[in-house]
Every structure is written in structure tokens, then in C-alpha cells.
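Each protein sequence line maps, in turn, to chains V, S and U.
According to my numbering, the first sequence is numbered sequentially starting from 104.
According to my numbering, the second sequence is numbered sequentially starting from 74.
According to my numbering, the third sequence is numbered sequentially starting from 123.
It is possible that some hints are incorrect.
[As the list claims (entries may be wrong)] Heads up, incomplete: computed chain V residues facing chain U, CB under 7 Å, no partners named:
hint, residue
1, G124
2, F195
3, L196
4, L199
5, A203
Because the hints were derived from the structure by calculation, they are not lab data.
By construction, the Cβ of each residue, glycine as well, lies at the ideal position given by its N, Cα and C atoms.
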Amino acid sequence: MNDWLNLLIGLAMGLNLVALGTSRLPSLIRVAALQGMVLGIMPLVIEHELRLLAVAVAIATVAIKGLVIPALLRRAMRTANIDRDLHPLIGFLPSLLLGAAGMIGAVVLASRLPLLPEHHESLLVAGSLASVLAGLLLLIGRSKAISQVCGYLILENGIYLFGLLLIHSVPLLVEGGILLDLTVAVFVTGIIVDRIQRAFDSLDTRKLTVLRE
Amino acid sequence: MMMDWLIAGAVIMLVAAALSGARFPRVWLALTLAGTATLLATAFWTLGGGAEWDWRSSFAVGGERIHLRLDALSAWFLALVAVVGGGGAVYARGYWPDCEHPASAGRGRTWWSMLVLCMSLVLLCANGLHFLMAWEAFALSAFFLITLERERRETRAAGWLYLAASHAGTLGLFAFFSLLATKTGSWELGPMRDHAELAPLFWVALFGFGVKAGMFPLHIWLPSAHANAPSHVSAIMSGVAIKMGLYGLVRFSGWLPLPAGAGWVVLALGAVSAVLGAAFALAQNDLKRLLAYCSVENMGVILIGLGVALLGTANGDTAWGRLAMAGALLHVWNHGAFKALLFFGAGSVLHATGTREMSRLGGLWRAMPWTASLFAFGSAAISALPPLNGFVSEWLVYLGLFDAAASHTRVAVAIVPATIALGVTGALALAGFVKASAVVFLGAPRTQVAVHAHECGWWMRAPMLALAGICACLALAPAAVWPFISRVLVGWRSAWSGGKPPASLITLGYTHLALAASLTVAAIALWFRSRTNGVRRALTWDCGYALPTARMQYTGGSFAALASGWFGWVLRPERRLHWPRGPFPRQADFVERIPETVLERVIGPVGDAVMVASAWVRQRQQGSLPDYILYLVAALAAMGALVLFGSI
Amino acid sequence: MISILEFLARLAVWLFLAPLLPGVINKVKAWVAGRRGPPVLQLYYDLARLWHKGVVVSTFASPGFIAGPAVAWVAVLAAALLLPLGPLGTSLSFRGDVILLIYLLALARFCTAWAALETGSAFEGMGAAREVSYAVLAEAAVITAVLTLSMQSGSVSLSAMLTPSVGPGAVLLAVGLFAVLLAENCRVPFDDPNTHLELTMIHEVMVLDHSGPPLAAVLHGAAMKLLLFSVLLVQAVLPIGELSVAAASGAMIGGVLLVTVAVGFTESLTARVAFRRVPLLLTTAFLLCVFALLIAWKGGAA
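Input sequences plus hints: build the corresponding full structure.
Laid out in C-alpha cells, this is it:
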């Protein structure tokens, strides 16, 4: 069980790097969606017996993170007619190297943390830290509003991974709340994106600094 | 007894050479060659198993009796001093003759002998005070050699920079030796590993010797000094003089107790010097500056070896530390040989064309076939390509690194990045030397000066051939020098005894022989095959363009642009570009300059700030008496306040 | 006597089987595109024809123009002979032979770039610059991969390093080495060996001015290099040394064919990336090797 979980987490960590290295908006959205789906099936791997609640949550997560949110983002991208190339503030190569360094750092840090013995062998904490770092890096290093949403998604994936540590004590309540917040946030961003596009003909967040009352 | 006479003879001959240099060039050459040959003989006598030579004078100099000692480690470096010292003397006769440089040739000969003598004394001195004296005299003779062509502004600037940096390092050494003398109660130098309180002194020594060795952030003086000095001086500076800093590091890391972090820091400095030195070298457009930065890179390789060795000693004298140290020591000789060869080659180009600017050269192989082939040989050797000598020493360092990594101990944290850094360095150095040799010697001549180049004379060719021969011997019979290395290793660290060369080193030697033979055979065979099939000369194919000119060739700058672009964060190239505009553009130009990042971006601004502060202080020093009395009163009041309120 | 025969057998494998690989790749590409394609043995015909042709040498070129390809060819062949051939083993094995192998490939690179710059052509200069620059990143990946194998096996000689499999990091290492293989052999997505636009080439543009026997040496050397990397990749990932002779031979041949077909499919299904994206791709290969290294390290320490 643990091996499968670690494999999935490893996959998610790899997707972090892909997200940092990609230069096209659609593939960034696809990566974030894929990572969401990978994370979504994790509760099924962790739980010893399949309970209805876990299955329901897994299905909901996969559906929302893997299908609904990406569909919303794609729609926003299409309607706002955005240039598909990402214009990085931090170059792709440096962000890839930073992400990899952060990943190694996360693994080292996780092995130093005082964790429960049953979590020592799993990559949950390391994967969580790495995803949070990758998400932050995307937020800092990419300028488009939609790529920022993808950064938030990956950041949230990291928090979700951390939440999986508590799966036995807190029954996915936290995750449900976050997911709800995020969905709303994506909706709001989608609408704002549309409005900004109509008003400014551009979606570069750097240009939002000229907004004043 | 014989050693006493030999060394005394060598010293006397070198002093006599220095005295005769100004007036009698032939006498000078004979005396210098005889002196260096004697030094070489003593060095090999010691390396070959002769007893350690130890001599004390009955009289005192500066209150201390002179104490000279020649052990295997000193002898290892002494051999290098002797070879390049002698070779450079021959080269100087062709390169810096009286007829071309009437004002400076005599001075150059005098200081050359002085430099060789002082470096030998640095290696021999076993007394801290005399070590410092010899060190200072060595630094000064190098300064006078660098500024031989003192009518050029850049040369003077380079000389002053060298002098300033060198003295900053000497200041560190003053601190080091005087602290050492205070703590041990004597200026005598020797093994003192049992004084654990001496360990922090290693950091002071690392700074003092590191400036001379040109390790990365302290290398600021090196590129301009090596580029602007006459080429035979550049050769001895780069091949030998910077090794004196390394000698100090190796010597005192063998004698002193080491702080816990020593190996880690040396390894990190080595890796940084290696990679950044190679990156800076690749980006240069000045042939000699490129070679100078390459010295930084090679010192980095040697420091990586030394760092691994220090880590090895800290982890129970492991075998991998011994291998890496052997590689570092062998690289000292190798780098001395091929770097001197390359600087001699660069000097021959400079002599023939009058420029070091690579973008003005090209196609020189036709006019200078000897220089071109020897330079190509040196380039392949310094890029650590088998079957040449640079590869043997890097191979030993690699073996040490790989074994250390496979030991699965804590050191692997530093070893793994250092190994990757060494690999990247190798590839960067290869790119840099393909650029240097190809842009200068291949293709079509880019300017008129390159068209009218001429081959160098035998005075200059002979030392290059000799150095190439040394490189070839070290490459094909590496196991033959192993007994020497092993003796140096035992002297450095007594736990590392055992004389037999590693079996793989012997195999590598045979492999090199087989490789060299088959490379030659293949080249000749292909040449014959092409000849029998018929060789036709035609213009280079350029996509059918009818009017190719030499200026359309790829330049050194464009060759390096791709890889040096990845190091833009540290190279910080300054570009000025005027685009061509309109259908008949009047002018369009592109200027690129690679600044000395550490000097211009770090030390320069700090120096400016100090100057501003000093200027402000100076305004308060107008020489008016009332002001000074005011300062006096203020100072008294401040002290009074301190006494009054400080005690409460 | 036996050892000499064995050596000759190994030499024959490298010399005579290497030109098969480009043929297989081209066949796969033709099959994917629905064409019939050139015969698998096309490169043999080409080499035989070139060997008998005359040579055209640029007016600027020195004798190094012909010596360069010869030296590069010997260097690649020597590197190949150092590599164990599965059950055939190796003719020469010593500690640190893997470093010699890497630097022999560097020697080949030096000579190819040197010969390219002999002509003074801007195109060839461009190709040589790209070759030596991208090699910097590829070298980092190769050194890391070798370090992984060395940490895994605790040895520095090829025959011992390639015997055990790499364990859990094998997939990462395989992908990383495959990317290095594509880059070092100038295949799509790093370089397009079939393109006709000199501005976009790396390796092919360096040999534009070669002809006759020197060109044959260049082409044969390139084929041997491809076989070398395929054999290295297969042995690094599969535990060849732990199988019986028949199984090992089968695994070797199958593995090399699989790699070749994979190269063909990659070429058919992907486009050459823009030059500014090449460093990113090579860095990814390097990072994959780094992660394989970390896994090997952790596995070894436990």
C-alpha cells in the first residue's frame, strides 16, 4: 500500500516539475488537472477498507480538480482569447532547477521532522512541502492570471497532501472546505478574467498595478 | 654533503645570473640554465629516494638562523620551478631580445633569475620569518617582470592591481606566521599536529595563500596580470607562481591540525573556481586572458583534489583521499607543463601578429605550423582528453571522488555536487579550448596582421617542444612518476604509505600507448586513402553564396555565446548594439565586453565607498591648529565620559 | 588465443553491426509515415561508395581536416571496446575505465568540432558551437548517471557497474539516459538528421564539407556512437549480468532493438524543439539522473 502511495506522490512531485518547465498555458492547466486527479485517488489507496464516504470524496475530488476546474479555466482562456505562451518572470530553466532543489530540500526536511512512526516511510510530508513550494514558485514566477490560478491549484494540492496525514482523525472535512473555497475562487477569477480582458485587452497581472480608484 | 654543494651552487649561479643579466645575455642564459638544471637534479635526487636535506646556518639573518629543508613535497614543486624557469629563459631569448626591447630586456633577465631564485627559496625555507622574506621578494620580482613593458597603461594598471592583491595576501600570511610563532614560541616550521589550538589558523593561511593561488573570489589580480605580462612571464606566473600559493596550502594543511570544516570549504572553493573559471575563460575574447582564466579553473581542479584529500584525512585516512591527493599533485606538474606551453604558444602568436584579440586572428596554421600544432596539442592536453597527461591527473581525482561517493558516508553530500561540477568543467574547458585554438589558427585570416604572420624562431620553438615532450611522457608513462608521488604523499600524511602504483594506473598507461598508436595509424591511413582516391581543393561550401569573405566566419564571441549565456548571471556581459536601420544603413555595430565581475561589481564599489568616506574625513584635516585642539578636547571628553559612565 | 578471437568478435560486432541501427530507425520512420523507405542496409552501401570516392577539401583546411575524423572515429571505437557487450564481456576492464569512456567521447567531440572549424564556414562554426555547448549539459547528465551506477554497485569499473540493475530508480535513469542518447546522437527532438536547412542543424552541419573516406569515417563513427549509447542504456537498466548467457544475449539484442525503434518512433511523433528549449530538455534529463542518484544513494545507505 505504502509503495503505491509513494509512487503516486512521486508522480505528483514529477508533475510539479513539469508544471514549472512548461511554457504553454494549456499544458500547464492539463498538468494541474492531472495532479489533482492523482491526488484524488490517494484516499482509496490509503484507506484499508473502502468506505462509501471515502469513495464519494475521491470521486468528487477527481471530478472537481480534474474536470470542472480545468474546464472552467479552459473556457476562461478561450473566451478571453489569451495568448497561449506563458511569459515567465523567472525563466523556465531557473524555475525548474529551483523546483528540483526545493524538492530535494523538502525530502531532507521531511526526514528531519518529528513525525509519527507510521509516516516515516511515506513521502506524504515531502510531497506536500514540494508541492507548496512549486505552487509558490509558479505564483511568483508567472505573470498571467490563469497561470496564477494553476499555481494556487498546485499549492492547494500540497495542503491536501498534508491533510491526508490526518485522514483517520479528521474525515476529509478540511479538504472539503478548502475545495469549496477554491472552486469559488476559480469561479470568481474566471469572471474577473473575463471582465479584465474586456476592459484592458490584456491579462498580465503586472499591468493590474495601474488600477487605481 | 653533495646536496649542500649542489644547492649552494644553484643559488650562486642564479645570483650570478641576476647580476650578469643586464649586460651579458649569453652568460645569463648559460648560468640560468645551469642553475635550474642543478635545482632539477636536487629535486629529482630527493624525489627519487634521497634523504631529506636539512641545513642550518651558523649565522643569523633578522635574528633567526637560516634553516633550509628540501623534502619530497618541496622537491615536487621545485622540479616545476626549475623546468619552467629554464624553459622560459630560453624562450625569452627569442621572445624578448635586446634588439626589440632595448630598455627592458636586461631588466627582464635580472628579475627572471631573481624570481626563480626566490621561488626556490620559498620552497626551501623552514623558518617562518625567512619564508615571509622569500615570499615578499618573490612577489616583488614577479611585479617587476609583469611591468616590464611599463610604458603601456594597461600593464601598469595590471601591475599595481597585482601588487595590491598580492600584499593583501601577504598581510594574511604575516598574521598567520606571527600568530604561529606566538603560539608555538618559535619561528621554526615543522609538523605541529599535536597543537590543537592552532587549527583556526588554517583559515588565515587559506586566505593568504588563496590570493596567490587565484582561487575564485580572490583571483581578481590574475587575469589582467597574466594577460598584460610578457608571455614568458605569463607562463611562469600561471604555470609556477600561482602553484606557490598551492604549495603553502598543501604544506601547512599537512603540518597543522585542521579545523573540522577545512575539507568541505576547500572542496567547495575548488568546485566554484573550476566551474566559474571555465565559464569566464570561455567568454573571453583575449587569447591570454582566456588562458589566465583557465588557470583559475585548473587551480579549482587541484583544490577539488586537495579538498577530497582533506576530507579523507578527516575520515580515517581513506584510500580515496590518497587517490585524489595524488591526482591533485600530478595536476600541479601537468598544468605547469601545458599551461606554460600554451602561454609560449600565445606569445608566439602575439610576437608574430602583435595582437591578442582573437577576433583579429584566424588561419594562422599556414604561416605558423609549429605553433599551431603545439598549441593544439596543449589545448587537447588541458581539456583533459585521453591519451594526454591532463586526463591522467583528472582521472585520479575522479577516482577519488567516485570512491568517496560510493562509500555512502556523510561526505557524499559534498562529493556528488563536486563530481558533477568537475564534469561540467571538463565540457566547458573543451568548448573554451576548441574556441581558442580554432578561432586563432583555423579558417581564413580575419585581418591583414593575420595574413602577414610568421613562424617563431628556434629559441621559442625549442622550449615548446620540450614542454610538449614532458606532457607526452607524463601521459604515456604515468606509472613512472608514481614513486615520486607516493613519496610526497607519505611526507604529507604518514599514514598514506605504500609505494606500489595502483594497477589501474599502469593499465591506463598501456591504454594510452595503444590509443596514441592507433590514433596516429588511423590518421595516416585515412590520409593515404584520401590521397589515393584523389584530393581536390575547392572553396568552402557556403550555401552557394558567391562572395564569401573572411569576416563571415563564426567569431569567438558567437562561438561562446550559447554556453556563456547560461552563465550570464555571473558574467554580466556589457553589450552595446546599434541596429542597422533603413535600406542603406550608415552604421551598425555591436560591442560586447566581459567585465571582471568580482573586481568591478564587488570590490570596485566597496573601494569607492571607502574613498568617499576618506574624502569626508579628509575635509576635517585642514591643518588648522584650533581644529586639532578641538578634536583633542572632544576625544578627551569622550574618554572621560567613557571612564565615568562606563564604570557604573 | 581465445582472448584474441574474443577481441576480434567484439570488434566485428561494433564495426559491422553499428550501421544497422540508422537503417532500422529509418525503416521505423518510413513505416509510421506509410512509406516503404530505404533498405535497412542503406548505410552499408553509402559507406562502401564513399570509401571509393575522391575527397574535396576546403582551400582553408589544414591536414587536421582529415586527421580529425580519423581520430574521432578511433576514439569512439575505443570507447565502444571499453563497454562490456552483455554475455561477451569486455576485453579490458580496470578501475575508472568508465571515466576513460566519457573522455574518449569528449575527444571525439573535440576532433569533430576542430575539423568543422577548419573550413572557416559560418554554418560549420554554428554547428560546432552548438555541439560543444549542449555537451556541457549532456555531460552533467552522463556524469550523474555514471555516479548513480557507481553508488549502486560500489564499483568504478564498467563491467561491475553494469551487472546489477539500478532498482527503483531504473525508470528515471532510463528516461534520462534516453534523452542524453537523443541529444548526443543528434536525433529529434534535439536535432533533425534529415533536415535541409543548415541553420537549424547541429551535427549534420558540422560535416557539410566532408566528403569521401573522411565522411565515411564520420558516418560510421556516428553509427557506432548510437550503438554505444543504446548498449550502455540497456545494460544500465537491465540486470544483464544476472541472467544466463542465452537470456542475456536475447535481452541485449531485444533491448538495443527496442531502443532503436523507440528512437524511430520519437522521431516520427515529435517535432524538433526550438533551440532555446534544448537546454530545458537537457536539464530535465539531468534532473532525472539526479533523482535516480538520490534513490540509489538512499537505497545504498539503508
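Against the structure, the hints come out as follows:
1. G124: 6 Å, holds
2. F195: 5 Å, holds
3. L196: Holds, because the Cβ-Cβ distance from L196/V to chain U comes to roughly 6 Å (cut-off 7 Å).
4. L199: 6 Å, holds
5. A203: At 5 Å from the nearest chain U Cβ, A203/V passes the 7 Å test, so the hint holds.
Every hint, counting from the list given before, is met by this structure.
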